[in-house]
Amino acid sequence: MKATEILMDEHRVIERVLSTLEAATLAAEQGKNVCPGFFIEAADFIRGFADGCHHRKEENVLFKTMGAYGVPEQGGPIGVMLSEHERGREFTRAMRAGAEKWQAGDETGRLQALQAAQEYVTLLHHHIVKENNVLFPMADRLIPLDAHAQVFEDFERVEHEETGEGVHEKYLALAEALETEAKSWE
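Numbered by this note's numbering, the letters in the sequence shown go through residues 149 to 334 in order.
Using C-beta positions, here's what the derived DEER-type ranges look like:
hint: 1; residue 1: G253; residue 2: G227; range: 37 to 47 Å
hint: 2; residue 1: G185; residue 2: V315; range: 12 to 22 Å
hint: 3; residue 1: C183; residue 2: R237; range: 18 to 28 Å
hint: 4; residue 1: K180; residue 2: E238; range: 22 to 32 Å
hint: 5; residue 1: E327; residue 2: R305; range: 25 to 35 Å
hint: 6; residue 1: P285; residue 2: Q251; range: 36 to 46 Å
hint: 7; residue 1: E304; residue 2: K180; range: 33 to 43 Å
hint: 8; residue 1: M156; residue 2: V315; range: 16 to 26 Å
hint: 9; residue 1: R237; residue 2: E301; range: 23 to 33 Å
hint: 10; residue 1: D254; residue 2: K150; range: 41 to 51 Å
hint: 11; residue 1: E309; residue 2: L174; range: 37 to 47 Å
Simulated from the structure, these hints should not be mistaken for lab results. Where is the CB? At the ideal position from N, CA and C, for every residue including glycine.
Construct the complete structure from the given sequences, taking the supplied hints into account.
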C-alpha cells in the first residue's frame with residue numbers, strides 16, 4: 149500500500165464529517181434544533197484528526213519527502229496545500245469561537261459558526277480533489293517505491309508517537325457520532 153492511499157482513506161473520513169457539517173448548517177438555517185455543541189465537536193474532530201493527524205502526515209512527512217525529490221515547498225502545489233491548510237485552521241477557529249458564543253447565548257455566534265462551517269466545507273471539498281487528483285499522483289510518480297516504505301513508516305510514527313495511541317480511533321468514533329446526530333435532522 150502506498151502512503152498516499154492512507155491519506156485518501158483519511159480523506160473519506162474527513163468527507164463524512166464535511167457532510168455532517170453541511171447537514172447541520174442546512175438544518176440550523178431551516179430552524180431545526182441544532183445545538184452549538186455539534187459545531188464544537190466538529191471543530192474538535194477537525195483539529196484532532198484532519199489537522200492533528202492527517203495534515204501532520206502531509207506536512208511533516210509527504211511534503212518533505214516530495215521536497216527531497218525536487219518539488220519545492222514554497223509556491224507550486226505544496227505551497228498551495230500549505231496555504232489551504234492554514235485557511236482551514238482559521239475557519240475552524242472561527243467556527244469554534246462562534247459556536248462557543250452561541251452556546252453562551254450570544255446569537256451572533258450562531259451566524260459566525262454557520263458561516264465558518266460553510267467556508268471550511270467548501271475549502272476542504274476543493275482541497276481534497278486537488279490532493280487526490282494532482283498532488284498524490286505526483287507524489288506516487290516522484291517518490292521511488294523503496295522510499296514509499298519509509299513514508300509509510302513515518303506515517304505510523306506520526307500516528308502512534310506524535311498524536312498518541314488510540315487517538316485515530318477516538319476521532320473515527322467522533323465522526324460516527326456526528327453522522328448519527330446529523331441523521332436526526334433528516
